[in-house]
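Sequence order for the protein chains is A and B.
Mapping of the first sequence onto our numbering: position 214 corresponds to residue 214, and the numbering continues sequentially without gaps.
One rule links them: number in our numbering = place in the second sequence (from 1) + 376.
Don't read these hints as lab results, they were simulated from the structure.
One should not assume that every hint holds.
For lysine to aspartate or glutamate, the following EDC-like pairs were computed, each having C-alpha atoms within a straight-line distance of at most 20 Å [what the hints assert, rightly or not]:
no., chain 1, residue 1, chain 2, residue 2
1, A, K159, B, D850
2, B, K776, A, E109
3, A, K221, B, D656
4, A, K221, B, E774
5, B, K773, A, E109
6, B, K776, A, E219
7, B, K776, A, D86
8, A, K223, B, D405
9, A, K233, A, E219
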Amino acid sequence: MSELLYDVVIVGGGPAGLTAAYSAWENGAKKILVLERDREPGGILQQCIHNGFGLHHFKEELTGPGYTHRCWQLVKDKKEIEVIVDTMVLEVKPDKTVIAVNPERGLMEIKGKSIILTMGCRERTRGAIRIPGERPAGVFTAGAAQRMVNMEGFIPGKKIVILGSGDIGLIMARRMTLEGCKVQAVLEICPFSNGLTRNIVQCLNDYDIPLYLSHTITEIKGKGRVEGVTVAKVDEKMQVIPGTSFDIDCDTLLLSVGLIPENELSRGLDLKMHPLTNGPIVDQHRQTSAPGIFAAGNVVHVHDLVDFVSEEAEIAGKFAALHAAEQVSADTRDVVVVPGNGIRTCVPQHISLPADGEKVRLFYARRPAAAQVKLK
Amino acid sequence: MSENKKVDVVVVGGGITGAAILRELSKYDLKSVLVDKEPDIAAGTTKANSAILHAGFDATPGSMKSRMNVAGNKLYHELQAELDLDIEWTGSLVVATNEEEMETVKGLLTRGQENGVEGLAVWSADEVLAAEPNLSKDVKGALWAPSAGVCWPFGLAIAFAENAVENGAEVLRNCQVEGFEKVDGKICAVKTNQGVIETKYVINAAGLYADTISSLAGDDSFKILPRKGEYVLFDKTARDQMVKGVIFPTPSKTSKGILVCTTTHGNTFVGPNAQDQADDKENTAVTPQGMAEIINSARKLLPNIPVGAAITEFGGLRAVSSTGDFVIGKSSVDGLFQAAGIQSPGLTSAPAIAKYIVDILVAEEKNVAKKADFKTRRTAQPLFHRLSHAQQAELIKENKLYGRVICRCETITEAEIMNAIHRPCGARTVDGVKRRTRAGMGRCQGGFCGPRVTQILARELGIPITEVVKEHADSHLFYEKTQTNGADVQ
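Please build the complete structure, drawing on both the sequences and the hints.
Laid out in structure tokens, this is it:
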């Protein structure tokens with residue numbers, strides 16, 4: 001087992017990881033390592049070939065790969081930053097040892113003075129929401145289908161139903177249509193779509209794809225391959241209204257039913273987790289409950305825009321570098337941030353003192369029913 | 377024109393029973409072939425059941441079920457080392473929550489002792505809660521059966537098949553039996569979609585379709601009545617809120633009840649319910665009513681069950697015999713043996729059923745010698761995720777593909793997936809890889825690794841990716857190349 005020592009070790013080479021690496025470099029870290037499990041850096045944005053990224057962070061509209069390219073440009077020639085792909089982190093230990101594995105270098109034991117967790121998030125599956133019916137081939141999460149189409153170059157089916165009208169579901173409705181598939185319907189259990197209005201217009205309305213609000217799937221049919229779904233209307237408590245069901249013919253069901261921060265490694269570290277964000281609890285420096293272990297991006301909470309992921313990663317990168325250089329105070333006093341009316345969650349969850357005049361930006365998620373939230 | 381295949385024994389059905397029978401046959405100088413209609417073995421009832429090796433206190437004393445259960449349980453205690461089987465002898469508890477149920481529990485103790493089950497004991501509430509602190513505080517006591525365990529059921533079937541193939545037996549998949557040929561009333565050949573197989577004996581282990589196969593041969597003495605059971609499976613991360621072993625409720629007159637049970641990989645499941653299916657032998661759909669039923673029942677045992685940690689739901693069909701007991705032994709049709717109606721405790725009974733039938737067949741055939749060079753031992757492939765880091769490092773030195781993790785939730789490497797494909801009776805489908813390695817069994821349920829496994833199967837089998845199936849013959853995953861890209865997949 002090879003042993004390695006770094007100032008900052010970053011788990012995950014998506015936009016959060018790459019941005020954090022650059023920020024750590026800017027703030028003086030001399031030896032930075034990014035570990036990425038896929039065959040190239042960039043994370044999930046590599047498969048998001050549509051535009052709409054980067055307006056805040058890079059002040060121009062980019063595609064997903066365009067955005068990651070910008071992040072990559074910042075780190076690729078820095079001799080202080082090493083990025084290893086095709087590498088899976090098996091364990092992060094509380095003493096900041098990272099166990100990782102890849103085919104060429106075998107099992108690696110890596111020590112970091114600081115660690116940044118940037119593992120991103122994953123999609124909720126059929127099982128998590130307990131959709132009834134058979135278990136044929138042809139049920140995919142929207143992101144898995146997106147990778148299949150945009151990166152592997154294959155389509156997952158010809159006649160598509162999409163459950164969930166979040167942005168990924170909407171984007172995939174358009175993408176499958178452009179590939180010559182027939183998108184039969186997009187179904188949404190809520191009485192409103194969680195997607196951006198521009199996506200409803202540009203991905204559904206422009207292609208005459210019907211959106212069924214307050215509808216859900218009550219049965220998946222088909223033994224070998226999906227043959228159709230039974231759909232029903234739901235009431236305000238999201239319970240199926242009897243007598244409202246109808247069948248839609250399809251060979252593929254795509255699920256866009258939510259994202260969950262990917263925190264298996266964080267759990268192994270016994271970090272304090274937040275029950276609503278499903279991510280580690282962090283302070284304004286994105287430091288977790290374990291000193292020297294930081295977290296940023298969708299692993300902390302699912303962000304609407306990658307631009308905010310980058311903003312958070314810049315903070316984590318900076319303070320991870322300062323921690324590595326032992327330039328942070330050991331003051332343990334802090335202020336808890338309590339979400340008020342209409343706010344579901346707020347990140348950071350607490351502010352470490354002293355916060356000598358530093359500006360702290362709070363990211364919050366609204367409760368679904370709250371139309372407007374004012375921050376005092 | 378090609379000549380017919382000629383064998384001594386055809387086993388119909390590659391579930392746990394057929395696979396155990398094939399392995400038992402392979403101990404002898406007999407040419408044996410197992411046929412299964414699906415693209416892979418262990419794809420029927422064997423893949424969707426409670427995965428419990430029962431102690432044997434349930435079945436009516438003297439029944440085939442009780443005899444085979446107790447004998448099968450003992451055999452697995454020996455086979456575990458011999459075939460490197462994934463079994464944990466957790467013991468089981470039948471939990472009572474009132475005095476009336478305690479009486480039933482005491483009755484089960486007597487019945488179990490009559491069946492020859494060793495080590496049974498009645499536990500107090502304190503003893504139960506000390507062993508399983510998450511159970512309901514309403515517990516009054518339980519029957520403890522130390523010889524019960526949990527297993528990897530498809531892993532067991534695959535182990536039997538692998539060892540049989542290593543000992544010269546053959547497995548034909550995608551091979552559907554269409555009829556039989558007889559001479560003087562005795563079976564002499566099996567007609568299949570892959571041609572005629574001349575044989576002296578047929579052993580019917582066709583699970584849900586055992587009655588169909590039996591009828592084709594001319595024996596209509598029983599029917600298989602499919603009875604569906606639904607399950608909810610939970611993530612390993614919820615393990616601390618769950619149970620350590622097998623927890624049954626006290627059985628009612630009609631049902632063994634819905635249990636809460638651990639698995640050999642630290643997941644937990646609840647289920648099954650029991651719904652008779654009339655004639656539908658394909659309906660394994662889960663229903664909203666069924667899921668509500670099993671979760672509500674499980675809550676009585678485990679009040680704080682973390683429902684949000686569910687990762688999948690599935691249904692399986694029990695092959696219930698119209699006779700009320702296993703149908704095992706010689707049929708009225710000469711040359712045909714039955715291993716039918718194998719519902720619970722079928723998984724536990726499989727090695728005993730295999731021995732029982734093969735002993736009769738060998739006695740009948742006379743002059744059949746045991747193979748002198750029979751390979752008793754079969755070694756499972758190493759599971760990367762269960763090894764220490766030092767052992768993992770060693771494996772990667774031998775084969776660097778142990779260093780590439782394909783299934784991220786379960787930490788299954790590319791080397792393990794390739795082994796699963798290239799071992800005897802290797803995987804041909806995505807679910808076949810899953811049954812052999814656990815790739816796709818984690819919390820993302822194959823979302824990430826499914827397409828990767830599909831690509832590896834295509835590469836290793838030398839077939840187009842669009843021909844790789846999930847499970848059944850028509851369950852393709854990739855349709856066609858995109859019009860805009862068409863990049864070749866490595």
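Going down the list of hints, with the structure as the test:
{"no.": "1", "hint": "A/K159 x B/D850", "result": "holds, 16 Å"}
{"no.": "2", "hint": "B/K776 x A/E109", "result": "holds, 17 Å"}
{"no.": "3", "hint": "A/K221 x B/D656", "result": "holds, 14 Å"}
{"no.": "4", "hint": "A/K221 x B/E774", "result": "violated, 45 Å"}
{"no.": "5", "hint": "B/K773 x A/E109", "result": "holds, 15 Å"}
{"no.": "6", "hint": "B/K776 x A/E219", "result": "violated, 43 Å"}
{"no.": "7", "hint": "B/K776 x A/D86", "result": "holds, 12 Å"}
{"no.": "8", "hint": "A/K223 x B/D405", "result": "violated, 40 Å"}
{"no.": "9", "hint": "A/K233 x A/E219", "result": "holds, 13 Å"}
Hint compliance for this structure: hints 4, 6 and 8 are broken, all remaining hints hold.
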